[in-house]
Amino acid sequence: MTFTCPQNSEEKKWQLDTRRIGDDLLVVACGGSWCLDQELPEAGVILAGQGDGPRRLSFNTEQLSDWDTGFLAFLRALLTLCAERGLSVDQEGLPEGVRRLLALAAAVPEQEAAKRGSTRRGLLFRVGAATIAFLRGGPEMLHFLGEITSSFARLIRGRARFRLSDLWWEIEEVGPRAVVIVSVISFLVGLILAYLGADQLRLVGAQIFIADLVAIGMVREVGALMTGIIIAGRTGAAFAAQLGTMQVNEEIDAFKTLGISPVDFLVLPRMLALMLMVPLLTLYASFVGMLAGMLVSVTIFDVGMFEYYTETLRALELKHFWVGLSKGSVYGAMVAYAGCLRGMQCGRSAESVGKAATSAVVTGILLITISASIMTIIFYRLGI
Amino acid sequence: MSDAPPIEVRDLTMAYGDFVIQRDLNFVVNLGDIFVIMGGSGCGKTTVMRAMIGLQRPAKGAVFYGGEDFWNVEYAEQERLKRRLGIMFQGGALWSSMTLGENIALPLKEYTDISVRHLTEIVSFKLALVGLAGFEDFYPSELSGGMKKRAALARAMALDPDILVIDEPSSGLDPPTARHLDDLIVELRDSLETTIVVISHDLASILAIGTNSIFLDTETHTMINTGKPKEAVASGDPRVRHFLTRGAE
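Order-wise, the sequence lines are chains Z and B.
According to my numbering, the first sequence holds residues 30 to 413 in order.
According to my numbering, the second sequence holds residues 10 to 258 in order.
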């Protein structure tokens, strides 16, 4: 039986013939070029239509001009088929190099452990798995919270081990280096608040109260919230990526084997840095937002600069600052917690570092939103 | 086909700013060579390799592939020359978001028109060659360091390259697996006429498979010996003998 190559080029054509000799021998003749630059035949075609006849198979490659892995892959598939059907194969007719490479490929048999079923699971399975993973996440988060609490307890007793230089470095990284982005965002948010208020207050000729709206809004809520979200995207993701990379490089394991708590050494300085810096950034963001409000009011809505300043001072009370600062501090802790948690939970591959960073931002923003809601209710109940 | 050797390095100097890693390297890798670049840790073997594979422009000198000056040809020509190379990086450099099968299939899909069935057979064969038969669906993160290394070699061989550059093939492997890999390297040279450049300081492997070599010195920052590794053991240079006899001489 002759099989023909669909390629047009004569030079690149493979040739394949099968010939029965006697009842039990099938000779496979391969000629021409058997390279990857063309579509090669399927191994199955050789045994198809042969019935129960041949018990042995041999090769003739006298006309073979060129070959590469394509030929080897074809032969390997054919040998597998022959083994399945109980045909004995005589490889003497194959080029020596081909025989040796086939032998090398067969030298290490497929391991049982390597066999895998289909990895595609049903919808119900996937929903169940995701639910279990989510539920398991809760205790893990609580466990990490416990570790951090113990670490803070050690810090208070003066027993926590970390380098002060790391704390200073983190403080510089999360504080002064974030000032530019916090300035830009706060200015724009202050501007939006002013426009939003002016649109309504203009109807009753009360543009002066833009100052109240912007001042109280920025100091109590928006300054802290925006700073928290900026820090979650900027610093939370960085924490997760740093700790995740350390997980990949087994640096965290090295701390553990030396009996040094990685939470003390790595998480504590990051937590402290954010808890100290975020309130300050919040204060700064509020100030920049109020400045933007004043700029809009003075230049667009004809409010006098002194009037605006006086109204701002009249509107603001110390309690507003305490509310804003306490929220900033909590948001900082939430972002640090989310970043460090996801970093410490990171797997051992580059991909998992990316996932950890993404998850840190999502978790951070989620925790900020939840804590913001809880604190708003508490402050309302307390009349603050 | 040109009579020029597969690789020729002329007056190659590698430096980071003013700090010279290696200077004035001259050597030729002939067709069918298993060419070993050896030297102590930190001597700049991998840096030299990076210049040879087009990842780092040398401070001075040239690398010729089949007579074409790699660093002085058009970008498209550089890309064409790169396709003649298969590289196995020291750490494997497998793409972590892909399975082993997908890692090996990617270059095949990119540069050939073969069918999915044929692609699957080739991927399966390449993995079997490195002793990883059946591991197509595993992700790199699920493998040991040695397995990653073997899978990386399978990916480097995906397109049956003319030149295979292998950085530290046997580090992290158990002795039988290292021997299997040595056999494979020799077989690729013999059967597919692949020219092979190996960066290594595994003495057993260097002496078993190397047909030609250079020795890079850490102190003088240049090559201090060339020739067959087995002959280098009797080199007149004590630094080379010291290295190849594991400090016994």
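In short, the hints are calculated from the structure, not lab data.
Do not take every clue at face value.
[Unchecked claim] Footprint (simulated), chain B over chain Z, 3 or more residues, beta carbon under 8 Å: (1) 56-68; (2) 102-110; (3) 375-388.
Glycine included, each C-beta is placed from N, C-alpha and C at the ideal position.
How the hints compare with the structure:
1. 56-68: Holds: 3 residues of the segment 56-68 of chain Z have a Cβ under 8 Å from chain B.
2. 102-110: holds (count 4)
3. 375-388: holds (count 6)
In the structure shown, no violation is registered for any of the earlier numbered hints.
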